[in-house]
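Visitor: Work the whole structure out from these sequences, hints included.
Protein chains in written order, with my numbering: chain R, 1 to 342; chain P, 1001 to 1302.
Source of the hints: derived by calculation from the structure; they are not laboratory data. No experiment lies behind these values; they were computed from the predicted model shown. Just so it is clear, CB atoms sit at the ideal spot from N, CA and C, and this is done for glycine as well. Incorrect hints may have been included.
No farther apart than 30 angstroms at their CA atoms in a straight line, the calculated lysine-lysine pairs in the DSBU-like style are these [as the list claims (entries may be wrong)]: (1) P:Lys1070 <-> R:Lys202; (2) R:Lys140 <-> P:Lys1140; (3) P:Lys1070 <-> R:Lys190; (4) R:Lys309 <-> R:Lys114; (5) R:Lys173 <-> R:Lys156; (6) R:Lys144 <-> P:Lys1093; (7) R:Lys53 <-> R:Lys221.
Computed from the model, here is a short list of chain P residues facing chain R with C-beta under 8 angstroms [said to hold, decoys possible]: (8) Asp1065; (9) Gln1076; (10) Leu1079; (11) Gly1083; (12) Glu1086; (13) Tyr1125; (14) Ile1130; (15) Gly1146; (16) Trp1147; (17) Pro1156; (18) Arg1163.
Residue strings, one per chain:
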Amino acid sequence: MTTIASKADKPFSFYNILPNGKIEFFVDASLLKSFSLCESYFHLKHVQNLRQKGYGSVMPFPMAVGSWWSEVMEMFYNCLRDKAELTPQMIQDFALSAWVKVGLDKSALADPDKFATFGDVAGAYLMLMEYYNSQYIVDKQSWKIIAVEEGFGLKKEVFIGETPRVVVYWIGKPDLVVVENDRLTPVDHKTVSRIDGTTISKYKPSTQMPGYVYSCEVIAKSLGYDVRVDRCVVNVCSRTRPSDNPRSGKKRPRFIRAYPNFSREEIAEWKKDVLNKCERIAHCLKTNEWTWSETTCHNMYMRQCDYIKLHSQTPSSRDIVLLADFMQQTPWVPYRVKELDD
Amino acid sequence: MPLEFHDMSQEQQGGKLKLAIVGHEKNGKSWLAATGRKNVLFHGFDQRSEALSGKKGVYELTYVDPQWPKQPESAQNFLTTLGKLEDSLDLSKLGFKVPEGTLVRTNVIDSVQTFAQAFQRYALYNSKDIRRELTIGSMKVFLPGGWDAWNAEMVPVENAILRLLALPTDTIIVLHETAEETADSTSEKPRFSGRVGVFPVRYQRLIKYFNEVWRVKLTQSVVNNKSAYLPRVYPLPNYEFDCATAMDLDATEEPNIEAMISKSEHRRLAAGLPGNISIAGRGLPQIDLQSESSKNKLLVKI
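Guide: Right, dumping it as C-alpha cells:
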C-alpha cells in the first residue's frame, strides 16, 4: 500500500493504549457519527486511514461549497472580532480568495452542472453578499466574538468520563464562540441544499451541538469564568438561492438560525452516549471485528459509500482493489497544538 | 422487555400536576394559576404582574424585551432561568429576596401566546430572511414572513415547555381561547361551530402533554343575594370544550387548585382508591437535584 505521510505533521491517532491497558480516546462528533453509520466504514476511514485516490482534489459539490463557506465565515467573523469595518469589496475578496484556497475550480470541472446552477464564482460572491446584507449589522450589534475556529481538547481539557476499559476526552473546533447578552454561546455554520420547514428542528438530537455546549462550559470554568452554557446557535445557509417568484408566493429564506438548548439531563445523557460508543469502538479495536452496515452502502450522505467498490468484490480480491484505488493517508489532525508539536 | 401487569384502580398517578388553563381574557386564568401549590413562580410575559398583587406565596419573574433596535432577550432570559431551576428550585438562587430554602413548587407560563411571541421576536430579529419589516418613523416592526417564522417560534416553545415539564414541580400553562371555526369558514364569511378552541390554534399541539385541561369562564353566580359574574372552573368535557382531568372533580368548581386537589384526594381515599395528586404536595417526588445525574448513573466516573 502507498503511504503518503508528511513529515511536518505529527501523526495523530484518536486513540492511545495506556500503560494500565485502558484505551484513551480523543473523539469528536464526526468520528462518532462515522462509527454509528457503519463500523466497517469507520475502520477503513479512521483506523486504517484509507482514502480513494484523487478524493482530496475533487470534493463533491455539497462538501466543496461547505468548505468554501467555512473559509469565508472564518474571514468574515475574524473581521468582526477585530472590529474592522467590512465593505462589499472585502466581501468580494473573501469570496474569491476562499474559492482559490479550497480549489473549487477543480470541483467545478468534476461537477459542472451543479456548479453552473450554483452560479460558479459569481454565485459564491452573491451568496456571501446576501449573507452580509442579512446578518452583518445584527451580528455586529449583538455578538462579541470570542473565538473563530479555535480548536480544543488535545490537551485533555474536556474530560468526558472513564470506565474500566476506556478514558474519553472530547475534541473539537467550533466555528465561532460568541457572547450574546452576557451568555457564552458556540455557533456552528451549516450549509444545506435548501431551507424547508424541518430545517431548524434538525439539530436535536445531535452529538455535535451538546459537545460544543459542554466543552465551552468546561473550558470557560477552567479559565475561571463561572458560566452556564446551555445553548448554541446553528447558522444555516442554503446553497440554492431561493426563487424570487416562487409558486407559493412566499419567498423561502436563504439564511436561518436554529437555537438548540440542552438541559443538564440531556448533557449527562450525551456524555453517557459518547462513553458507550467509545466502549464499542474499544471492543472493535480489541477484537478487530467491524460490523458491516449494508444499509449505508448506497446511502452515505445521499451518495454511495467511498468503500463500496472494495466491499462489492469477493474478499480474496480486495487487496488488489486496495492497491489500485486506495492509498493510506496521514491521519487527519483536528488542529495543531504548539506545545504538543514541540 | 418483560411483561408488566398494572391494576389501574390501584395505580397512583405521578405526583406532578400538569395543567393547561384555557379561557378568555379577564376570566380569571392567572388568578386560578396563583392558587397552585405554593410557592408558585409565574413566568410572566403578559406584563400584568399587578393582577396578582397581594397573593401570598406567589412570585413572578417578568420578562420584558428592550425596545428596537436592541436585541429581544426575554426568550433567552427564560431559558437561562430554566437552566437555573434545573440546578436548584430555590427562589433565593433566582434572585428573589427570600430565605434560602424557599423552593418553587409550581411553575406557571402566563401566557403561552405572549411566551411564544417572545421566541418569535428573537428569531425574527436575528434572521432577516424570515421576516417582513414595517418602518414607522424611526422604528422598525418585524412581522413573520411565512411558515419559516412560525416554525422558528414553535420548535423552541415546545422544547422549552417540555423542559419545564421535566422539572420536579407542578407545571401550569395559561392559554387563551377562541371560537372554533368550521371547515368551510373563510375570512370573508366566518362560520363557527359553537365550540371553543385554543388560541393561537397552533398551540393545540401542547395540550397532549397536559393531563389536566381546565376551562375558566366567568359564570353568573349569586353572592349575598346579588347576581355577579365570577370565575368558575370547568374540568370536565362539555359541548363547548374538550376539558380533561384525571382527578375526581365536579363539572363546575370554585377556582382554587389546592382545594380541588384536596377534594379529589378525599373522594378517592373515601372510595378506597389511592390518591392521585396528593394533598399539599405529599405526592411531590423528592428529587435531590444535586444527584439528578444518578438517574443516568454510569459504571464510570463522570
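Visitor: None of the hints should be skipped; say for each whether it holds.
Guide: Structure-based check of all given hints:
1. P:Lys1070 <-> R:Lys202: holds, 29 angstroms
2. R:Lys140 <-> P:Lys1140: holds, 18 angstroms
3. P:Lys1070 <-> R:Lys190: Given pair Lys1070 of chain P, Lys190 of chain R holds - Cα atoms ~26 angstroms apart, limit 30 angstroms.
4. R:Lys309 <-> R:Lys114: holds, 24 angstroms
5. R:Lys173 <-> R:Lys156: holds, 14 angstroms
6. R:Lys144 <-> P:Lys1093: holds, 27 angstroms
7. R:Lys53 <-> R:Lys221: It is violated: about 44 angstroms lies between the C-alpha atoms, which goes past 30 angstroms.
8. Asp1065: With a minimum Cβ separation of about 11 angstroms from chain R (threshold 8 angstroms), the hint on Asp1065 of chain P is violated.
9. Gln1076: holds, 6 angstroms
10. Leu1079: Because about 5 angstroms separates Leu1079 of chain P from the closest Cβ in chain R, which is inside the 8 angstroms limit, the hint holds.
11. Gly1083: holds, 5 angstroms
12. Glu1086: holds, 5 angstroms
13. Tyr1125: holds, 7 angstroms
14. Ile1130: holds, 5 angstroms
15. Gly1146: holds, 4 angstroms
16. Trp1147: holds, 6 angstroms
17. Pro1156: Since the shortest Cβ distance to chain R is 6 angstroms, the answer is holds.
18. Arg1163: Holds, because the Cβ-Cβ distance from Arg1163 of chain P to chain R comes to roughly 5 angstroms (cut-off 8 angstroms).
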